[in-house]
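> I would like the entire structure built from these sequences, with the hints used as guidance.
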Amino acid sequence: MVDRSSPPKSLLSRRTMLGLLGAAPATAALSAAFPGSLRANAAGTGQLNIYSWPDYFSADNLATYAKKSGVTPNITTYDSNETLFAKLNSPAGAGFDIVIPSSSWIKQLADKGLLAELDHTRLNLASLDQDLLDRDYDRGNKYSIPKDWGLLGVVYDPEATGGEIKTWEDFFKAGERPEVSGKIRLSDSGWETIGTELWLQGKDWNTATVEEIKAAGERLKSFAKHVKSFSGLDPNAVANGSIVMAQTNQGTARAAIGLNPKLKWSVPGPFSELWVDNYAIPKNAPNVDQAYDFLSFMLQPDVQLAETKYVGFPAAVAGLREKIGADTPNADLIFGGKDLDFKKLTSFVVNPETIGTYLQVQTEIQAAAG
Amino acid sequence: MSTLTSVPLDVIKPARGRLGAPSARLVDHLLAGIPTLWLALFFLAPLGFTVVFSFGRNIFGGVELAFTLDNYRTALSGFYGATFIRTIIFAASASALCLAVAYPVAYFIARHTSRHRVLAIVLILIPYFSSFLIRVMSLHMLMSRDGFAEAVLNVLNLHSGPLDVLDTQTAVFIGMVYAYLPIAIVPLYVVLDRIPRPLLEASRDLGASRLETFLFVTLPMSRPGIATAVLLTAVPMLGEMVIPKLLGGSRGVLMGQALSSQYLQSQNYPLGSAMAVLILLAIAVIVAGLARLTKGFAEVGQ
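Heads up: the protein sequence lines correspond to chains A and B, in order. The first sequence: position 284 = 284 (my numbering), numbered continuously. The second sequence: position 200 = 200 (my numbering), numbered continuously.
The set of hints was computed from the structure by calculation and includes no laboratory data. Keep in mind that this is a model prediction, so the values were computed, not measured. Virtual Cβ for every residue (Gly too), placed ideally from N, Cα, C. Please note that a few of the clues may not be correct.
[What the hints assert, rightly or not] Listed next, the stretches of chain B that the computed footprint assigns to chain A, with coverage defined by at least 3 CB atoms under 8 Å from CB atoms of chain A:
1. 140-148
2. 171-181
[To be verified] Across the chosen pairs, the derived CB separations fall in these ranges:
3. Pro352/A <-> Gln169/B: 17 to 25 Å
4. Asp289/A <-> Val122/B: 57 to 65 Å
5. Gly95/A <-> Leu293/B: 26 to 34 Å
6. Lys309/A <-> Leu76/B: 49 to 57 Å
7. Lys225/A <-> Ser160/B: 21 to 29 Å
8. Gly163/A <-> Phe49/B: 48 to 56 Å
9. Pro352/A <-> Phe49/B: 15 to 23 Å
10. Ala59/A <-> Leu76/B: 29 to 37 Å
11. Glu179/A <-> Trp38/B: 37 to 45 Å
12. Asn154/B <-> Glu159/A: 19 to 27 Å
13. Phe148/B <-> Arg177/A: 27 to 35 Å
Have a look at this one:
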C-alpha cells in the first residue's frame with residue numbers, strides 16, 4: 001500500500017495511527033517472543049510464516065484456515081514497505097513464506113532477487129478482476145498476486161470548493177479559494193503530491209526525470225501555503241470541517257462521508273493512482289507448499305468477500321461489488337465510486353534513480369508549508 | 001586464589017596482604033568492564049558505523065565505502081542546512097519555554113510545600129507511567145475540533161466558535177512543553193531545594209528585597225539545575241519527530257524527520273549518517289557550553 005498515512009482500517013484512524021507507530025513493533029515483538037502460541041499444536045506438521053501489515057487478515061478467515069489445514073498461520077507485522085525490504089534484504093528475513101509488498105515495491109524486491117517466481121498452475125488467477133492483473137509494476141504477475149487495492153482521490157466539501165473536483169487542476173484552483181485555503185490535507189508521499197502536477201503536464205510519474213520532478217515540485221511548493229496537514233487523515237477532521245479538501249484513499253473518504261453525507265469523493269483526472277497490496281512468496285521460503293495452499297484458500301470468492309469486509313478495501317476477486325450486501329452503507333465507495341475507469345489509473349514503481357528526489361522535494365514542500 | 005590454598009599457611013598470610021588488594025581491584029575492573037563492553041558494543045560500534053557511513057557513497061539500501069565530504073556538503077547546504085538551523089532555533093525556543101514554565105513550578109515545590117512535597121513530585125511524575133505516544137495522542141484529542149479544550153475555552157469566554165489549534169506550530173510548542181516539562185522540573189527542584197535557607201535569610205537581613213534575593217542568590221545558585229534542565233529538554237527536542245507529525249500536521253520539517261526519511265524512505269544511509277553526526281556535534285557543543293555554565297559549582301548544597 002502506498003499511502004500508509006491513511007491506512008486501511010480508516011474508521012479507526014486514531015487507533016490505526018497508534019498501531020502504525022507503536023503497536024506494530026509490539027505485535028512483532030510479542031509474536032516473536034511467543035511463536036509457539038500462534039502456531040497449531042501437534043495436529044499440524046506444517047508451518048506458515050506470514051510477514052504482513054498489522055491487522056490485515058480477517059480473523060475469521062484465519063481461524064477457518066487453521067481448522068481446515070491444521071496449520072495456524074504465524075503472522076509477524078511491519079509498518080512500511082521499506083521495513084519489509086530491509087528485512088528481506090538481511091539474514092533476519094529468512095523464514096517467511098508469504099509477504100505482502102505494495103505495488104510500488106514489487107519491482108525493487110524482485111530485482112534484488114528477494115522474491116520467488118510464482119507457479120501459476122497452482123493458483124486460480126482466472127477468478128480475479130482482470131483490471132488488477134498484468135499491470136506495469138509486475139508484467140504477467142511473475143512475482144505477485146493482488147490481495148486488495150485502493151486509490152488516490154479527493155474527499156471534499158462541495159460548498160467550500162464551489163463545485164466538483166474533476167481534475168487535479170480543479171483541485172489546485174479550489175485550494176486558492178478563501179473557504180478552502182488553510183484547510184487542505186495533502187499526502188506525505190512525494191509521488192502522490194508531485195505526481196498530480198506531472199499528470200497535468202502529461203508526464204508519467206514512473207519515467208519522469210529528476211529535473212522534471214523538481215520542476216513539477218515547484219508548483220506544489222507554492223501551493224503549500226494553503227495546506228494544513230500532511231499527516232495521516234482523521235475522517236473526523238473532514239467531517240467536522242477543520243479540513244475541507246483532502247487527498248486520501250477511498251476507505252478514509254468513505255469513513256468521512258459516513259460521518260457527514262454532504263461530503264463528496266472523486267478520483268481526479270487526467271490520471272490518478274491505483275495501489276495494490278500483493279501476496280508474494282520470498283525466495284527460499286521454507287514452506288512453499290503450505291504457502292500455495294494458503295493462497296488458494298484466500299482466493300476463494302467467499303473468503304475474499306470476508307476479507308473485503310474486514311480490511312475495508314476491496315479484495316481482488318471479480319464481481320465482489322454485486323456480492324456486497326445492500327446493508328453495507330456507501331458500498332460503491334469501497335470500490336472507488338460508480339464510474340471508476342481503470343485506464344486512467346497508474347501504479348507507482350519505486351526507482352532508485354528518482355525516489356530520493358521525490359522524497360527530498362516532498363520534504364521541501366512540507367517545509368514550505370510551515 | 002585457589003592455587004594458593006595448597007601453599008603453607010605462613011606463606012599465605014603475607015601473600016594475602018599483597019595479592020588481596022589487586023584481586024579486589026580485578027573484581028572492580030570486571031564490574032566496570034560489563035557496562036563498558038555494553039556501551040562499546042551497542043553505542044560506540046554503531047556510532048563508528050555511522051561516522052564511517054557518513055563519508056561513504058549511497059547505493060540504494062546500502063553504502064559503498066569511500067571518503068567523500070559530499071554528504072556533509074548536502075547536509076549543510078541549501079534546504080538541509082536551513083532545516084538544521086531551524087531545528088536548533090526551534091529546540092532552543094521550545095527548551096526556553098519549557099524552562100520558563102518549569103522554574104516557577106520547581107520553585108513552588110521547593111519553597112512552599114512541606115507536608116505535601118512527595119505528593120507534588122508524584123503528581124508531576126505520574127504522566128510518565130503511560131506511554132509517550134499515548135500522552136501526545138491524548139493532547140491531539142483534547143485540541144481537536146469539538147474537543148475538550150474548545151469546550152473549556154468557550155465556556156470561559158476566552159474563545160468563541162471552533163478551535164483550530166491542531167496542525168499549527170502553536171500545537172507543536174504546546175506538545176513539546178507538555179511532554180518535556182517533568183524532566184525540566186525535577187533537576188530544578190533538586191537544586192532549589194538544596195539552596196541553604198541561611199543564605200536567603202542573610203540576604204534579607206542585609207537589606208535585599210525578595211526580588212533582589214531571587215536575582216542575586218537563588219537564580220545564580222540554581223544554574224546547575226538550569227543547565228541540566230536545558231540539556232534534558234533541548235537534546236531530545238533536536239531529534240523530535242513524533243510531536244510535529246501528530247500535532248503539527250508534518251509541516252515545517254525538522255531535522256529528526258529529515259533524518260529518519262533518509263534512512264527509512266530514501267534508503268540513503270550516507271546522507272542520514274552525515275545528518276546524525278552533525279546533530280551529535282551540535283549536542284556536544286551544547287554540553288560543552290552548559291559545562292562552562294556550571295563550572296565551580298561543587299559547593300551547591302554544602
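> Each of the hints needs a verdict: does it hold here or not?
Here's how the hints hold up against the structure:
Requiring three or more residues with a Cβ within less than 8 Å of a Cβ of chain A, the coverage given for the region 140-148 of chain B holds, as 5 such residues are present. With a threshold of 8 Å between beta carbons, the proposed coverage of the region 171-181 of chain B by chain A is violated, since 0 of its residues qualify and at least three are required. At roughly 35 Å, the beta carbons of Pro352/A and Gln169/B sit outside the given window of 17 to 25 Å. The supplied range of 57 to 65 Å is met by Asp289/A and Val122/B, whose beta-carbon atoms lie about 58 Å from each other.
For Gly95/A paired with Leu293/B, a C-beta distance near 53 Å fails the hint of 26 to 34 Å. Range check, Lys309/A to Leu76/B: Cβ separation about 52 Å, and the 49 to 57 Å hint holds. Range check, Lys225/A to Ser160/B: Cβ separation about 26 Å, and the 21 to 29 Å hint holds. Checked against the hint of 48 to 56 Å, the pair Gly163/A and Phe49/B passes, with Cβ atoms roughly 55 Å apart.
At roughly 22 Å, the beta-carbon separation of Pro352/A and Phe49/B lies within the given 15 to 23 Å, and the hint holds. Taking the beta carbon of each, Ala59/A and Leu76/B are about 51 Å apart, not inside 29 to 37 Å as hinted. Roughly 58 Å separates the CB atoms of Glu179/A and Trp38/B, a value that falls outside the hinted 37 to 45 Å. Checked against the given bound of 19 to 27 Å, the beta carbons of Asn154/B and Glu159/A, roughly 24 Å apart, stay inside it.
Between Phe148/B and Arg177/A the beta carbons are some 31 Å apart, a value that agrees with the proposed interval 27 to 35 Å.
In summary, the structure is inconsistent with hints 2, 3, 5, 10 and 11 from the numbered list given earlier, while agreeing with the others.
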